[in-house]
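J.: Chain residues, written in single-letter form:
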Amino acid sequence: MKGKVSRFEILSALLRKDIALFSRDLLFVFLSILSVVSFAVLYWVLPKSVNETITVGIHGEGLEAAFERIAGESAEEGMALKWYEDGETLKQAVTERDLQVGFDFPEDFLSAAASGKGTRVTVYVHPNLPPEIRQAMTSAVREIAFAISGNPLPVTFPEEDTIILGVDRAGNQVPFRDKLKPLYAFMVLVIEVISLGALISSEVQNRTLTALLSTPARIGDILAAKGLLGTFIAFSESVIVMFLIRGFGSSPGIVLVALLLGAVMVTGLAMIAGSAGKDLMGTMLFSLLFLIPLMIPAFAVLFPGSLALWLQYLPSYGLVKTVLISTTEGAGWADSAGNLLMLGGWCILFFVIGVLVLRRRVVTL
Amino acid sequence: MKLRNTFLILGKDLLMGPRGGLFLWVVVTPLVMTFLIKIVFGGLIDPSPRLGIVDYGSSQVAAEARDLKGIEVTMLDSEENLKSMVEANDLDAGIVLSKTFDQELLSGEKPVLNLFIGGESLASNRIVLSVTALDLIRSVEGKAPPVEVAVETLGDDPGVPIADRLVPLMILMAVALGGIFLPASAIVQERELKTLDAVIVTPVTVDDFIAAKGILGFILAFVVGAVTMLINGGFTAYIGGNLLILAVASLMCVQFGILLGSGARDMTTLFTVFKGGGIILFAPAILFLFPGVPQWIAKIFPTYYFLGPLYDLTLQGVALKEILLDLGIGVIISLALMILARILSRKMAQKLGT
Numbered sequence: 009m010k011g012k013v014s015r016f017e018i019l020s021a022l023l024r025k026d027i028a029l030f031s032r033d034l035l036f037v038f039l040s041i042l043s044v045v046s047f048a049v050l051y052w053v054l055p056k057s058v059n060e061t062i063t064v065g066i067h068g069e070g071l072e073a074a075f076e077r078i079a080g081e082s083a084e085e086g087m088a089l090k091w092y093e094d095g096e097t098l099k100q101a102v103t104e105r106d107l108q109v110g111f112d113f114p115e116d117f118l119s120a121a122a123s124g125k126g127t128r129v130t131v132y133v134h135p136n137l138p139p140e141i142r143q144a145m146t147s148a149v150r151e152i153a154f155a156i157s158g159n160p161l162p163v164t165f166p167e168e169d170t171i172i173l174g175v176d177r178a179g180n181q182v183p184f185r186d187k188l189k190p191l192y193a194f195m196v197l198v199i200e201v202i203s204l205g206a207l208i209s210s211e212v213q214n215r216t217l218t219a220l221l222s223t224p225a226r227i228g229d230i231l232a233a234k235g236l237l238g239t240f241i242a243f244s245e246s247v248i249v250m251f252l253i254r255g256f257g258s259s260p261g262i263v264l265v266a267l268l269l270g271a272v273m274v275t276g277l278a279m280i281a282g283s284a285g286k287d288l289m290g291t292m293l294f295s296l297l298f299l300i301p302l303m304i305p306a307f308a309v310l311f312p313g314s315l316a317l318w319l320q321y322l323p324s325y326g327l328v329k330t331v332l333i334s335t336t337e338g339a340g341w342a343d344s345a346g347n348l349l350m351l352g353g354w355c356i357l358f359f360v361i362g363v364l365v366l367r368r369r370v371v372t373l
Numbered sequence: 082m083k084l085r086n087t088f089l090i091l092g093k094d095l096l097m098g099p100r101g102g103l104f105l106w107v108v109v110t111p112l113v114m115t116f117l118i119k120i121v122f123g124g125l126i127d128p129s130p131r132l133g134i135v136d137y138g139s140s141q142v143a144a145e146a147r148d149l150k151g152i153e154v155t156m157l158d159s160e161e162n163l164k165s166m167v168e169a170n171d172l173d174a175g176i177v178l179s180k181t182f183d184q185e186l187l188s189g190e191k192p193v194l195n196l197f198i199g200g201e202s203l204a205s206n207r208i209v210l211s212v213t214a215l216d217l218i219r220s221v222e223g224k225a226p227p228v229e230v231a232v233e234t235l236g237d238d239p240g241v242p243i244a245d246r247l248v249p250l251m252i253l254m255a256v257a258l259g260g261i262f263l264p265a266s267a268i269v270q271e272r273e274l275k276t277l278d279a280v281i282v283t284p285v286t287v288d289d290f291i292a293a294k295g296i297l298g299f300i301l302a303f304v305v306g307a308v309t310m311l312i313n314g315g316f317t318a319y320i321g322g323n324l325l326i327l328a329v330a331s332l333m334c335v336q337f338g339i340l341l342g343s344g345a346r347d348m349t350t351l352f353t354v355f356k357g358g359g360i361i362l363f364a365p366a367i368l369f370l371f372p373g374v375p376q377w378i379a380k381i382f383p384t385y386y387f388l389g390p391l392y393d394l395t396l397q398g399v400a401l402k403e404i405l406l407d408l409g410i411g412v413i414i415s416l417a418l419m420i421l422a423r424i425l426s427r428k429m430a431q432k433l434g435t
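These protein sequence lines are chains H and E, in that order. With this note's numbering, letter number 162 in the first sequence gets 170, and the count goes up by one each step, no holes. With this note's numbering, letter number 207 in the second sequence gets 288, and the count goes up by one each step, no holes.
Just so you know, the hints here were simulated from the structure itself, not pulled from any lab data. Warning: the hint list may mix true and false statements.
[Claimed, not checked] Derived DEER-like restraints, expressed as beta-carbon distance ranges:
hint: 1; chain 1: E; residue 1: Leu105; chain 2: H; residue 2: Phe165; range: 54 to 62 Å
hint: 2; chain 1: H; residue 1: Ser258; chain 2: E; residue 2: Leu95; range: 43 to 51 Å
hint: 3; chain 1: H; residue 1: Arg368; chain 2: E; residue 2: Leu95; range: 35 to 43 Å
hint: 4; chain 1: E; residue 1: Ala225; chain 2: H; residue 2: Gly174; range: 35 to 43 Å
hint: 5; chain 1: H; residue 1: Ser258; chain 2: E; residue 2: Glu161; range: 28 to 36 Å
[What the hints assert, rightly or not] Here's a subset of chain E near chain H, in silico, CB distances under 10 Å, partners left out:
hint: 6; residue: Phe88
hint: 7; residue: Gly92
hint: 8; residue: Lys180
hint: 9; residue: Glu222
hint: 10; residue: Thr286
hint: 11; residue: Asp288
hint: 12; residue: Leu416
hint: 13; residue: Ala417
hint: 14; residue: Leu418
hint: 15; residue: Leu421
All values derive from a computational prediction rather than experimental measurement. All C-beta atoms in this analysis are idealised placements derived from N, C-alpha and C, irrespective of residue type, glycine included.
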């Protein structure tokens with residue numbers, strides 16, 4: 009018979025037991041792979057660019073030069089102009105939704121507008137064109153007529169370089185699918201909170217944790233094994249998902265650290281939820297109690313604009329922001345340090361609370 | 082199978098169920114998700130351009146801007162505030178109107194229009210806001226345009242807005258939780274807690290028990306589905322048609338639930354199946370969000386055969402008779418699943434020793 013066993017051997021044995029339990033469940037393995045693949049597929053089927061162009065068709069003789077002069081750069085950014093030889097073809101293109109808007113200028117438009125004689129332009133739109141675009145396009149036609157008739161703009165503008173504030177992303181917007189990257193990473197971690205919470209809960213209910221205490225394993229070994237296993241599963245799944253959706257950006261190290269901290273944090277949460285719930289449903293409700301507020305930053309970054317201050321204090325904000333800025337803005341360690349530190353702080357807090365709560369639960373069994 | 086036994090269990094479940102977390106989960110989750118999805122995705126995919134205005138005088142331009150359709154107008158008190166909001170992408174653009182802006186405009190002095198554009202604003206929004214601002218100024222200037230613009234709307238198909246395309250997803254979520262998750266978890270939970278072993282030593286058979294859980298799932302799926310549909314404005318003139326679709330949806334989901342409940346070893350397995358297999362259920366609803374994706378792909382998935390009719394009837398205004406074929410296929414799939422569920426529940430009964 010072997011003498012005293014080391015803590016490391018006990019920990020390894022506990023980990024091997026849990027991993028064996030997982031891997032024996034082929035369905036679990038298959039479906040874990042399926043969920044990871046599903047996230048990747050969803051990422052790749054979403055549009056890879058942002059459509060920020062209004063497609064406008066124009067029929068009007070001799071107007072190309074005038075448009076080039078008046079529309080200037082906007083014809084390249086924000087408006088795509090297509091020229092048509094007759095009004096009927098233009099009308100058909102709008103009806104068939106090849107165009108969002110059609111401008112049908114009469115043959116005498118140039119001379120009529122220049123002489124100030126009244127003329128009529130038809131703007132074709134389809135029924136679901138947003139009202140602001142409809143309004144802007146009719147305004148654009150009026151402005152063209154003003155310009156041709158020799159009526160300059162009634163205002164003056166400051167220099168162009170003072171007009172654009174912030175990084176000019178026209179034509180280079182961050183696609184929606186890339187804004188979703190932190191949400192994907194977080195969703196994988198969320199799923200693991202529920203799964204690990206359910207596993208802990210079932211071990212508490214079935215008293216297998218108590219049974220383990222009749223072996224040389226101590227509470228600390230069991231907690232360490234659960235912590236390591238939870239972190240490993242959550243971290244590895246999120247890494248695979250991020251790899252499949254090209255989520256590491258230019259600084260893979262930063263994203264990896266953020267995911268690792270996130271995995272430790274959710275493991276702590278899973279320990280709390282698994283210990284607190286009386287059964288699986290209770291565990292799920294506890295998990296949701298934590299997860300709904302934690303998911304807010306991942307959704308909030310999808311909206312344009314700055315985030316409310318209180319959102320920046322939520323535990324998941326550091327993870328979401330780090331993943332977002334390092335994948336879409338190429339942020340480096342210096343830019344991410346603050347977010348990672350905050351995430352690290354929350355991660356330690358949740359993990360310590362999780363360990364204490366689970367320890368208390370095991371002791372009271 | 083005795084109907085009396087089934088309804089006895091059903092009565093008990095209906096009486097005791099609302100005290101447990103499972104009911105709360107099934108009823109509250111779809112409503113919370115409806116709210117979240119509508120808030121998040123409703124305004125996210127088709128956002129309106131946002132214009133900020135600082136009016137140091139009392140310009141008519143600012144007054145008219147408040148009535149603009151489709152543009153979110155925010156009045157601000159200082160240029161600094163406006164610039165910081167535009168730079169932070171809290172606004173797409175902003176204009177600053179000086180105290181004497183209108184006077185200078187009317188006297189033909191060409192006042193300076195301080196227009197600020199956010200770097201992150203969409204190019205199309207920049208054009209919309211610039212042209213609209215200019216048009217407002219022209220209208221205050223009072224000069225008649227040398228052209229009359231007639232707007233002609235072509236076609237009568239308004240398309241389906243993104244907020245409406247989300248309706249099938251939300252209804253599926255409601256029906257799936259009640260129809261699949263509730264019976265499946267109830268069966269697995271009672272098996273794990275051994276209460277099922279206790280029940281079957283009475284005259285109640287496994288079939289009675291499963292039928293009760295199935296009926297409970299059907300009722301909840303149908304009711305929560307109808308409430309979700311009501312909240313989302315999904316009920317059309319064909320109320321009977323909508324209810325028929327919900328009935329087929331609930332029927333199919335309940336079969337999935339019984340299959341899952343009878344086949345899953347424990348709650349962990351059940352969860353894993355639900356989490357991993359969820360994409361198969363939800364795929365058609367997700368595909369409806371992207372009209373550019375070929376819609377035949379959705380037909381591969383069983384849930385299409387109630388989601389498709391729902392989409393056509395409520396969002397496309399298709400006549401009831403035109404969706405009956407798909408709905409019929411949905412019923413056939415449900416019946417096939419019922420046979421499969423019966424085989425699995427028989428196996429479960431054998432394991433339980435009945």
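J.: Have a go at the Asp288(E) hint: is there a Cβ in chain H nearer than 10 Å to its own Cβ?
T.: Violated: closest Cβ of chain H sits about 25 Å from Asp288(E), beyond 10 Å.
J.: Hold the hint about Leu418(E) up to the distance rule: shortest CB distance to chain H must be less than 10 Å.
T.: violated, 19 Å
J.: Does Phe88(E) pass the interface hint, meaning its C-beta sits closer than 10 Å to a C-beta of chain H?
T.: Result: violated, 25 Å to nearest chain H Cβ.
J.: Using the C-beta atoms of Ser258(H) and Glu161(E), is the stated range 28 to 36 Å upheld?
T.: holds, 34 Å
J.: Go ahead and decide if the range 35 to 43 Å is satisfied by the Cβ distance of Arg368(H) to Leu95(E).
T.: Since Arg368(H) and Leu95(E) have Cβ atoms about 37 Å apart, the given range 35 to 43 Å holds.
J.: Hint validation: Thr286(E) versus chain H, beta carbon distance must be below 10 Å. Holds or violated?
T.: Result: violated, 26 Å to nearest chain H Cβ.
J.: Can Glu222(E) be said to touch chain H, with a Cβ gap under 10 Å?
T.: Hint on Glu222(E): holds, closest Cβ of chain H at ~5 Å, below 10 Å.
J.: With 10 Å as the cut and Cβ atoms as the points, is Leu416(E) at the interface with chain H?
T.: It is violated, given that the least Cβ distance between Leu416(E) and chain H is near 26 Å, above 10 Å.
J.: With a cut-off of 10 Å, does the beta carbon of Ala417(E) approach a beta carbon of chain H closely enough for the hint to hold?
T.: violated, 22 Å
J.: 54 to 62 Å was suggested as the range; check whether the CB atoms of Leu105(E) and Phe165(H) agree with it.
T.: holds, 58 Å
J.: How does the Cβ-Cβ distance of Ala225(E) and Gly174(H) compare with 35 to 43 Å: does it lie in that range?
T.: Taking Cβ atoms as reference, Ala225(E) and Gly174(H) lie about 38 Å apart, which means the hint holds.
J.: Measuring from beta carbon to beta carbon, are Ser258(H) and Leu95(E) in 43 to 51 Å?
T.: violated, 57 Å
Violation of the numbered hints given earlier is confined to hints 2, 6, 7, 8, 10, 11, 12, 13, 14 and 15; the remaining hints are satisfied by the structure.
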